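Those protein sequences? They're chains A and B, same order as listed. Quick note: the first sequence uses this note's numbering, first residue -11, plus one each step. Quick note: the second sequence uses this note's numbering, first residue -11, plus one each step.
In short, the hints are calculated from the structure, not lab data. Don't take every hint at face value.
Each pair may be met inside one copy or between any two copies, as identical chains are not told apart.
As the list claims (entries may be wrong) - Heads up, simulated DSS-like pairs for lysine-lysine below, C-alpha to C-alpha not over 30 Å straight-line:
#: 1; residue 1: Lys144; residue 2: Lys405
#: 2; residue 1: Lys187; residue 2: Lys371
#: 3; residue 1: Lys197; residue 2: Lys113
#: 4; residue 1: Lys199; residue 2: Lys405
#: 5; residue 1: Lys417; residue 2: Lys199
#: 6; residue 1: Lys417; residue 2: Lys273
#: 7; residue 1: Lys240; residue 2: Lys144
#: 8; residue 1: Lys240; residue 2: Lys165
#: 9; residue 1: Lys349; residue 2: Lys165
#: 10; residue 1: Lys194; residue 2: Lys371
#: 11; residue 1: Lys199; residue 2: Lys273
#: 12; residue 1: Lys349; residue 2: Lys197
#: 13; residue 1: Lys194; residue 2: Lys417
#: 14; residue 1: Lys284; residue 2: Lys187
#: 15; residue 1: Lys371; residue 2: Lys240
#: 16; residue 1: Lys349; residue 2: Lys199
#: 17; residue 1: Lys338; residue 2: Lys217
#: 18; residue 1: Lys165; residue 2: Lys273
#: 19; residue 1: Lys217; residue 2: Lys113
#: 20; residue 1: Lys194; residue 2: Lys240
This one's a predicted model, so the numbers in the text were calculated from it and none came from an experiment.
2 protein chains.
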Amino acid sequence: MTSLLSTLNRCLRSTARLCNVSQPKVVYKSHFIAGGRWSTRWSSRFTHTTEAARGSPASGKYRKGVLIATGVFGTVAAGVCHLQQAEMATRVKKMEEEEEGNVAERCRSFMSPPVTDVRVLERRKQEMSSRMEMLIMETQAEFCRALQEVDGGTFKVDRWSREEGGGGVSCVLQDSKMFEKAGVNVSVVSGHLSEEAAKQMRSRGKQLKAKDGKLPFIAMGVSSVIHPKNPHIPTVHFNYRYFEVEEADGSKQWWFGGGTDLTPVYIDEADAVHFHSVLRDACNKHNPQYYPDFKKWCDRYFFIRHRGETRGIGGIFFDDLDSPNQEEAFSFVKSCAKTVVPCYLPIVRKHLDDKFTQQEKDWQQIRRGRYVEFNLVYDRGVKFGLATPGSRVESIIMSLPLTARWEYMHEPTRGTKEADMLEVLRNPKEWV
Amino acid sequence: MTSLLSTLNRCLRSTARLCNVSQPKVVYKSHFIAGGRWSTRWSSRFTHTTEAARGSPASGKYRKGVLIATGVFGTVAAGVCHLQQAEMATRVKKMEEEEEGNVAERCRSFMSPPVTDVRVLERRKQEMSSRMEMLIMETQAEFCRALQEVDGGTFKVDRWSREEGGGGVSCVLQDSKMFEKAGVNVSVVSGHLSEEAAKQMRSRGKQLKAKDGKLPFIAMGVSSVIHPKNPHIPTVHFNYRYFEVEEADGSKQWWFGGGTDLTPVYIDEADAVHFHSVLRDACNKHNPQYYPDFKKWCDRYFFIRHRGETRGIGGIFFDDLDSPNQEEAFSFVKSCAKTVVPCYLPIVRKHLDDKFTQQEKDWQQIRRGRYVEFNLVYDRGVKFGLATPGSRVESIIMSLPLTARWEYMHEPTRGTKEADMLEVLRNPKEWV
């Protein structure tokens, strides 16, 4: 079961091909990482696809393709580029097959080689951990590419490994034309659960039977925070993750988590409605209760308690998802991952050339300060990451903005746009 | 027992008088506080002393007085303004008497009326809680005044109360000539310990016997963080506090805590030696073990674990101090409180006119980011404050800089001044 949205996304990629619009290609940049961690160079068999992201004519055409694509996601499925429904269905099927097909081929579109060896992923391609790793690498590449298209810059790609097992790929675009900081991070981490971590899991109702006190686990996810320069373009955050623990009898406990949420500096009702609609539609393909439940969960989670405000205007958030079955849960997560571009890119493009004043920039900086407060004081991922020995701190701290501001006793004047924004943060709304 | 340093400080005030140098006077500003908390206007009997801080000739003379004073604290006691030792002793005695004397008179030098009613303080002037409140109000006034003298600006004074009991006085100078943000905060809070707080105290070895499940407490302190604009002037932080809990049988458990520490952006050996010498000298008057123990404690406490660096170059830090007896412990805290001006002001004055580049400013902003990380992730005071219902968030968050910066994978080039600074933060030094 693949959701309509992910189908659409893939469909549009093939649509682009049909319309003779080139696929975007990746610039395989390698960087040495401070602190002696290893960095890899993408093998030469992949080096033939380096021109597009540098602004070749092909990338210009694709840009148009993306524009169409992102516009469509928020609205209806039919009529794209004059493709008929029947044709779409055929192509969808073809893409489905492709997805289940050659792993090495699919890896070529990634920002770097995946964390797990390609041959291992190929061999274990039916296993959920392999399928999820492919999905998060793909999501990273799709999102980075969409941002590169709009910005004109190139992501710095750091592939890093972790002594205790696993590693990750961090893509960062910093102080570029459009973005203060854009980070898209993949990590695939394995090892044995610490007693502390196992305790935390138990406190969340997970009954884990260890073998000789050991609980092998694998955790992976894609996460991203984008802080644009223009205060009229909101910050976006998403994170989709999978967790698997092996118990004494060899059976596995697993669950998914994730969400996408928006943090505007100024409220734009149409943006909020678009963003929430895309998420709602993705949820509704799987379970009509998902959107209302996960929207509430999001507002509750991204709450800066000491300020009495939410971090932004929410979206969806869920954790410990292990129902109705693994296939369905994965399919839902895939639908969500496929919405990150159509949720966000139309908003970016809409406000690309919006003018702004110094006062608006200052208010953005104050909101950035609140973002820092949430991430360092409350965010479970950040807290867990910073407290875990061997974590890659730069990939955790990447979510913080390039700059932030704290003014003593700042309170917007009643009736201003700044006060309107605060009002929404203090009283979360139903947008759709 | 009054320490030589606090004696000196008072002595120098009287010296200023002898030399016909006017005492600085306070501008009693009142501000309405957002959220409906009450704000008070200093009663008219105190309104006669408003001119000095606005830059009258008197304040200019005092500025000179402070210059002499601060220079002396770090070196020797004798020879100040040609005063003879004998004369000093007489005056010290006089000041001692003054200190124990008219409470209302002493309150006139404060930035605002104390939190506790002046008549109550007068009536209970022998009690430790009253003596400590007088000390923290005095420390706030002395420090604010010294900073105003050097900056030319005027602190915004907010007097606030807390529904659950007590209140505070927050003094902030923001985006002034010299300071990005300078905050000096007093709070005096009373009520009943929450079960959570009592549990925390027990985990720290405090055996508290509650009466009907209730533990009345009073907590008070002065705390300050100063973030200068010039990257060659370090950030300073200090905090001196007193805690008292009443047990079932009416007896009281009490303890003091506090410390002063410096966070330079660039290392200046002479500054570091001066700062630590003043603290060591203050400690040595009470116990030769205090400085080495509390210096280590400071390095340990202000450690940003996930970065593997200390926040700054330390100073002293102590907690749960309840020995050798209440009088001695108070006397030690008083000595420490009296060092905040002589520790810091000579450093400020030395670098007042230092030129700096944009690169130096950027490095300062990155260090500010680390300051935010420490305060929001590790600082017990901030964490406790933000988690306590009814806390005044603005007074807690006041410690954050006006602006901060997070660059992905920033690492100074080897051999630069920035790398030298990091080296010291990664391997704390013995300065004296």
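Okay, the hints, checked on the actual structure:
1. Proximity of Lys144 and Lys405 under a CA criterion of 30 Å is satisfied inter-copy only: 27 Å between copies versus 36 Å inside one chain copy.
2. Taking identical chains as interchangeable, the C-alpha atoms of Lys187 and Lys371 lie at most 30 Å apart whether they share a chain (16 Å) or sit on different chains (23 Å).
3. Only within a single protomer do Lys197 and Lys113 lie at most 30 Å apart by alpha-carbon distance; the minimum there is 27 Å, versus 62 Å between protomers.
4. Neither within a single protomer nor between protomers do Lys199 and Lys405 lie at most 30 Å apart by alpha-carbon distance, with minima of 58 Å and 52 Å respectively.
5. For the homomeric pair Lys417 and Lys199, neither the shortest alpha-carbon distance inside one copy (48 Å) nor that between copies (46 Å) is at most 30 Å.
6. For the identical chains of this complex, Lys417 and Lys273 are intra-copy neighbours only, at 23 Å inside a copy versus 61 Å across copies, given an alpha-carbon limit of 30 Å.
7. Proximity of Lys240 and Lys144 under a CA criterion of 30 Å is satisfied in neither setting, with 36 Å inside one chain copy and 60 Å between copies.
8. For the identical chains of this complex, Lys240 and Lys165 are neighbours neither inside a copy (46 Å) nor across copies (62 Å), given an alpha-carbon limit of 30 Å.
9. In this assembly of identical chains, Lys349 and Lys165 lie within 30 Å of each other by CA distance both inside one copy and across copies; the values are 16 Å within and 22 Å between.
10. Taking the shortest Cα distances, Lys194 and Lys371 sit within 30 Å of each other both inside one copy (20 Å) and across copies (28 Å).
11. In this assembly of identical chains, the alpha carbons of Lys199 and Lys273 never lie at most 30 Å apart, being 39 Å within a copy and 58 Å across copies at closest.
12. For the homomeric pair Lys349 and Lys197, neither the shortest alpha-carbon distance inside one copy (53 Å) nor that between copies (54 Å) is at most 30 Å.
13. Taking identical chains as interchangeable, the C-alpha atoms of Lys194 and Lys417 are never at most 30 Å apart, the minima being 33 Å within one chain and 46 Å between chains.
14. With identical chains, the CA atoms of Lys284 and Lys187 are at most 30 Å apart within one copy only, with a shortest distance of 27 Å there and 33 Å across copies.
15. Taking identical chains as interchangeable, the C-alpha atoms of Lys371 and Lys240 lie at most 30 Å apart only when both belong to the same chain, with a minimum of 26 Å there against 37 Å between chains.
16. Taking CA atoms no more than 30 Å apart as the test, Lys349 paired with Lys199 passes in neither setting, with 55 Å inside one copy and 54 Å between copies.
17. Taking the shortest Cα distances, Lys338 and Lys217 sit within 30 Å of each other inside one copy (14 Å), while across copies they are farther apart (38 Å).
18. In this homomeric assembly, Lys165 and Lys273 never come within 30 Å of each other (Cα to Cα): the closest approach is 37 Å inside a single copy and 59 Å across copies.
19. When the C-alpha separation of Lys217 and Lys113 is checked against a cutoff of 30 Å, the pair qualifies neither within a copy, at 40 Å, nor between copies, at 56 Å.
20. Taking the shortest Cα distances, Lys194 and Lys240 sit within 30 Å of each other inside one copy (12 Å), while across copies they are farther apart (45 Å).
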